[in-house]
Structures are given as C-alpha cells and as structure tokens.
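Asks: What follows is each chain in one-letter form.
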Amino acid sequence: MSVFSLSQADREKRLLPQLVDLVSHHRRHCVRYDRILTAAGVGSFSDISALPWLPVRLFKTLELKSIPDDEVFKVLTSSGTTGEVSRIYLDKAAAATQTRQLGATLQTVLGPQRLPMLIVDTKSILKDRRSFSARGAGVLGMATFGRDHMWALDEDVDGLRSFLVKHGDQPFLIFGFTYLVWLHLYEIAREHGLDLGNGILIHSGGWKKLVDQAVSPEEFRNRLAAVGLTRIHNFYGMVEQIGTIFLEGPTGGSLYCPDFADVVVRDPETWAELPPGKPGLLEVVSTLPTSYPGHVLLTEDLGVVHGVDDGDWPGKRFSVLGRLPRAEARGCSDTYRSAA
Amino acid sequence: MRFRFGVEGDLTAPSEDRLTVGDPRMADFLARLARRLLAPAVARRHPELGSLGYFLRPAELKRSVERMTARRDALVFPRGNVFHLPPANVDTIFVYSWAISALAGNHNVVRISSRSAGAAEVILDALNETEADPVIGQTQRMVTYGHDDAITAELSRWCDLRVIWGGDHAVDTIRKQPLRPSARDLTFPDRTSWAVLSVPGWRAADPAARRNAVVGFANDAYWFDQAACSSPRTVFLVGGGADSGEVRAEFLDLLLDVVDQRGWVVDPAMAVEKRVNAYGLAATGAATALDFPDNRITAVTLAGTGQAPRRWIGAGAFPFAEVDSLLDLVPAMNRQDQTVSHFGFTPAELRAFAVELGGRGVDRIVPFGSALTFGAVWDGYDLPSEFTRLTTLQA
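If you read the sequences in order, they're chains A and B. Numbering follows the UniProt record's numbering, with no gaps: position 252 of the first sequence is 252. Numbering follows the UniProt record's numbering, with no gaps: position 268 of the second sequence is 268.
Among these hints, one or two may not hold up.
[Claimed, not checked] Derived pair list, reagent style DMTMM-like, types lysine to aspartate or glutamate, alpha-carbon separation capped at 25 Å:
(1) A/K13 with A/D47
(2) A/K13 with A/D310
(3) B/K176 with B/D379
(4) A/K123 with A/D195
(5) A/K278 with A/D195
(6) A/K208 with B/D291
(7) A/K278 with A/D309
(8) A/K278 with B/D267
(9) A/K13 with A/E273
(10) A/K123 with A/E191
(11) A/K278 with A/D10
(12) A/K60 with B/D168
(13) A/K60 with B/D291
(14) A/K278 with A/D267
(15) A/K208 with A/E187
(16) A/K92 with A/E71
(17) A/K60 with B/D267
(18) A/K60 with B/D73
(19) A/K278 with B/D379
(20) A/K209 with A/D154
(21) B/K62 with B/D133
Hints were generated in silico from the structure; no laboratory data involved.
Please work from the sequences and hints to get the whole structure.
Replies: The structure is reproduced here in structure tokens:
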C-alpha cells in the first residue's frame, strides 16, 4: 500500500474538505487560532492555496493547541536557529496517527518488515540533553523502523564489516543526517571497499554543509552509487508536522507529498501561489495535525515545484532550495553580544 | 585589535596630549569632516550622512561649545577618558556621541562593531582622510575588537565615563566589567517611540501638508527599518471619534505611495517576521484586526492603547490605536518611552501633554520627520554637560 498514490486533482478533491474541516475544528478548539483568523479576515477556501497559513515560527513564540491541558500526551520540541524552541502538543490519538503515517510513508520504500538498521550517528547524542531534542529525536524516531541497530559513528571499519557480513546480503536500512553520511559512511565505504549494495538510505538534514564542500545532490547520489548504494531517499520534514515527511522518489532529484499532504510555493512579495518552475517560500499542508493548528504552515525554506503528476510518483514534485536568509535587523539594540 | 582611526598603540597608556573644551583643533577637524560628509556624492548614497554632516557643521558645533562653557558658577573641563560602546546597527550613532565628547576635549576610545558596514565604513574613510592635528590622532582612537572581555575590562578601568548604547542586554553585559570608583556609566537602554496624529489637525491640513507629514513619517519609520530607538512604532489617532478610520485609510494610502516612490523594499524574511509578530498580537487578543495592504506595510488595529507593543515587530509594521485626547495617552507611557513624533497638534496641546507626563516617560516630542534627528540632548541627558566636569572656585 503506497501513500504516494493520488494525482494532484484527486489529492485536492480529497484533502480540501478535510482541511476546511480542520480550519473549523481548530477555530472551535484553539481560541488563539480563531483570533488570528478573525483579525486577518479570512474568507472562503476554494482551493488548497487559499487556506489560511500560519508562519511555522509562530510555534516558537506562542503556545498553540487545540486540546485541553489534561489531554496533552506528548510535547515535541525543536531547537531553532536562534535558540527559540517550537512546542507541538499531541494528544494520544494525534501521536498515534503521526507515528502510523510516518511508518506508512517509510514502508513505501522499506517494505513492511523491520530491517536491520545502520544509524550513521553516535549513540552519545541521546545522552546530550541539549542536542537530544533536535538530532537525537530524529534518530530516535527513525530507530523504531529498524532492528538490530548499529551506531556507525561508534564503530571502526571492522564493526561495519561485521554488520555487513551479518546483514549485508539482505535489504537493510541506513539512516543518518546527510552530511554525516557523506563525511563518515561514504568515505569509509569507499576507502575500504565496503559493499552497501543492499542498503536503503534514508537521509535528511539539509545540504548547507555539503554545499560548503561543493557537493550537489546529484554528485551525492552518483558517488554513493559507486559504493553500491543506489536506493537513496532524501526527505524533508519538520517537528511542527512530525508525521509528515516529503520523500525523494526512487530516481532522485525531487521530493513528493504523501497522500495526506501537499505543498504550495508562495511568492514572498505578493504571497500568491507560484507556478511550477518559480522558486518561492515553501508552505507545507497536512491533514495529520488535529491537536494543534499546524495543518497549513508557511516554512522559512525556499522551494520550487518542478512538475505535477510527471515523476516517479503522482502529485507535486519539488525541491527545497535552502533557508530564507534571516532578516538582519538594524536599530539601536544588539551592540555587544557576549560570546558566551 | 584593529585600529580604525587614530594612532596605533596602548589605548590606556597615560598621555601628555591634552585637548580643551571646545578645542579649536577639534572644532576645525569636525568642520572639515562635516564638509566631506556633506559632499553631494556621499550624501546621495547615504542620506543619513547628510544629517550627520549637518549636525557637525561649524555653527552647530559653536552652539554646543557655548552650551558647555556658558556657566559662570564653575570652570568647565573635559571629563577625562571616555570609552564608547555604540550600537552595531545604526551606522552613524558612534560619530554623534564621539563628536560631542571629542569637542568637550576628552580622550576617547570608541569600539566600532565588526558588523559595521555601509555608512560606517564611509565615515571611517572620511575620518582618516581628513587632515588632523597630531594631538587628535593621539587622543581619539577607534578600534574594532571581538568579544574580548579582557579588553573591555581594561578600558572600563581606564575610563572616567563609559557610554553604553545598544539596549538592555548590552548594558547588562558590559556592566559586568567594573569601573573605577570615581567613574560612571552613561547608558542608552532599550527604548520605544510613538507617533501621534491629530485627526482634527489632519482634517484641517491641506493635501500638500498631509503629504509632507507622511513623507516625514515614512523617513522616520523606514530609514533604519523602524528599529532605531526613536523610530515610531504605534500610531495613535487622537481626537477623531468616528472620523479616525477614514483618516487612517488616507494616511496608509499616502504612506504606500511614498514607500513606492522611494523604492523601499522589504525583504521576505522581514515580511515573515511581521506576520509572526502581527499574528502573535492577534492570538493574544492585543490586536483585533490585521491588514496587509502590501508587503511593506502591515496595519494592526490594537484592542486598546495599553496593548501597544514595546518591542520591535518588523519594518513597516504599524499598530494603530485611537484616543480622545493626548492626555489619555499619559497613563500608557512609561520610562522606556523615548520619542513621540507628532502631526496636527497645537503647541499648547503638546505642552500640556509634556507637563502631564511630568518626566515619567517620553524624552523627546518632535514633529513627523524629525524622529531620527540626533540632538545634543538625547534620552533625557544633556550630552555636552555629561561629557564635561566642573570645578568651582571661590577666591
């Protein structure tokens, strides 16, 4: 059962009424969301791009939830670039849905079985409470989709070899942040001739560090193919829509929306939706957020839709181009920030 | 440590070189600097340098010196060693506070932020290209150094007066470095500034006067991305009753027109920033309506005067609130409030407002278009007097 099945027309037909219901649901249950929509004077929503969006950073500055305090089952946090932290409130049902749909999305490329798993990270990141919320939580969340975990950064080449001896002749899962995969796994595999041919790599975490080394997504893919790794899926996701990940298709180059999600690219000048080919601010849309009004979020990432219903999977095919540069405020404040 | 102006060497070494209050060598130097800054090519590229050049022209300097030396009850001398920590992001402030202090004859060390750019670089070039008496290079130094607490500590022990710009955080951070017992701080903490518009006054003004008012307001608001301490944030519509809405609409239309003509742009991150903050005001009930007529203008209707935000919410973000009279604003003002820029009021109305405030808030009340004009009296301080010390003599 793939969650990458709906054409754009079918997707919109199915998602729009659900999203319109979510708008009313959150207005009824989150007074702050209702006040925002009332003040901004939103009208009717004839298509997905007309739905009212919230800037994703609002979850860093404001508590927004559509469930009573005593139904909060889990609070997700993310560290932000400026030290601000998003707080995402889940009740039991929402937490279960998020996990289930994340699983369904990954099963599209991993199959129904839990696979042996190589985590390209170090176990100690789970001990460091400060980084735990960001990188650690990602690893921890993904670890539940594998078995017989091995922490690649805690192992020398013999450790990796023994993992491959044990599991390398069957499909296995590799998960890690893009630049760690490049700097550690790829380098070691190339140097020692390790065969990663049955691996399925799921990676994320932005390209900035690799762009600094002049490694493009294409080169990343080509070089990994040289060590046998051809099943590679980058993904894009965020804690504010934790169960929704936008996954790279089998042939690479583009991200796709699962059936319960969509993306809109907006002109940051007029805020109108941009057609394929025109880069702008990326808005992520998902029907999963029921416990907080995170169903339509304007990210601070730039993106572009490459095409619609013309790729590996149906729906919009897009790329993330990087972060919107933060506005450098002028003004009288902020002369002297201590390095500490 | 990068020396940006003045002779390189030990900043805190005792020096035999002395300037006097209103020293002609310094007055000459500043006048020559002013001429460079007022050169058409410079002023065109950096309009804020035009205001600075104007502030430094000889007539203005003479007035400052006269203010320093006018008293008959005491002899006036330089305060001594002054250590300036100006803000990183307003490119001209460092010159204003340094120039008054230099004219008062002090030894000055100015820490120039490594983030300084644009106009600040032009000023530093102009300073270095201006012919100077050797004593000026020995006594006036501008340096850039990183976040080095040891250097800040040494300069703090050296100075008689430490001038800290840059808001509450900067003041708190730098105050961790002790001063000599006889020294003190002159601080410029976080401030908030407002605009007040008389609705009857607007009605009475002809179209040209209205347009001029908006041009002035636009300069006040957009010049430093609405983030200078004296940039107007909330606009209070005063005495309009039912007419307020119509005047606000006309004001915003004119503002959009002026912003268009100036070709000002708001970058996408700033546009998002404004949304985050405006939505935040709505979510907490502080705002009842949000209008986004254009990326460069966000108009926010406040639920009440007490809800006016005191923190920066982005460039071109204008909360509006209505009151019956200026006096109704008095309870909403406090010590943090610095500049109130006005349009359409009578001098008597403004004076009554100032008297009622009683110094408990608001240091400057100025017409639209003058909010960013630096003065020798700033933040409630008479700077020429802060930069000098008095000796009494009874024969």
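Asks: So, for every hint listed, does it hold in this structure?
Replies: To see whether the hints hold, each was checked on the structure:
{"no.": "1", "hint": "A/K13 with A/D47", "verdict": "9 Å, holds"}
{"no.": "2", "hint": "A/K13 with A/D310", "verdict": "19 Å, holds"}
{"no.": "3", "hint": "B/K176 with B/D379", "verdict": "23 Å, holds"}
{"no.": "4", "hint": "A/K123 with A/D195", "verdict": "24 Å, holds"}
{"no.": "5", "hint": "A/K278 with A/D195", "verdict": "40 Å, violated"}
{"no.": "6", "hint": "A/K208 with B/D291", "verdict": "36 Å, violated"}
{"no.": "7", "hint": "A/K278 with A/D309", "verdict": "17 Å, holds"}
{"no.": "8", "hint": "A/K278 with B/D267", "verdict": "17 Å, holds"}
{"no.": "9", "hint": "A/K13 with A/E273", "verdict": "18 Å, holds"}
{"no.": "10", "hint": "A/K123 with A/E191", "verdict": "24 Å, holds"}
{"no.": "11", "hint": "A/K278 with A/D10", "verdict": "23 Å, holds"}
{"no.": "12", "hint": "A/K60 with B/D168", "verdict": "23 Å, holds"}
{"no.": "13", "hint": "A/K60 with B/D291", "verdict": "23 Å, holds"}
{"no.": "14", "hint": "A/K278 with A/D267", "verdict": "9 Å, holds"}
{"no.": "15", "hint": "A/K208 with A/E187", "verdict": "18 Å, holds"}
{"no.": "16", "hint": "A/K92 with A/E71", "verdict": "8 Å, holds"}
{"no.": "17", "hint": "A/K60 with B/D267", "verdict": "21 Å, holds"}
{"no.": "18", "hint": "A/K60 with B/D73", "verdict": "58 Å, violated"}
{"no.": "19", "hint": "A/K278 with B/D379", "verdict": "48 Å, violated"}
{"no.": "20", "hint": "A/K209 with A/D154", "verdict": "21 Å, holds"}
{"no.": "21", "hint": "B/K62 with B/D133", "verdict": "19 Å, holds"}
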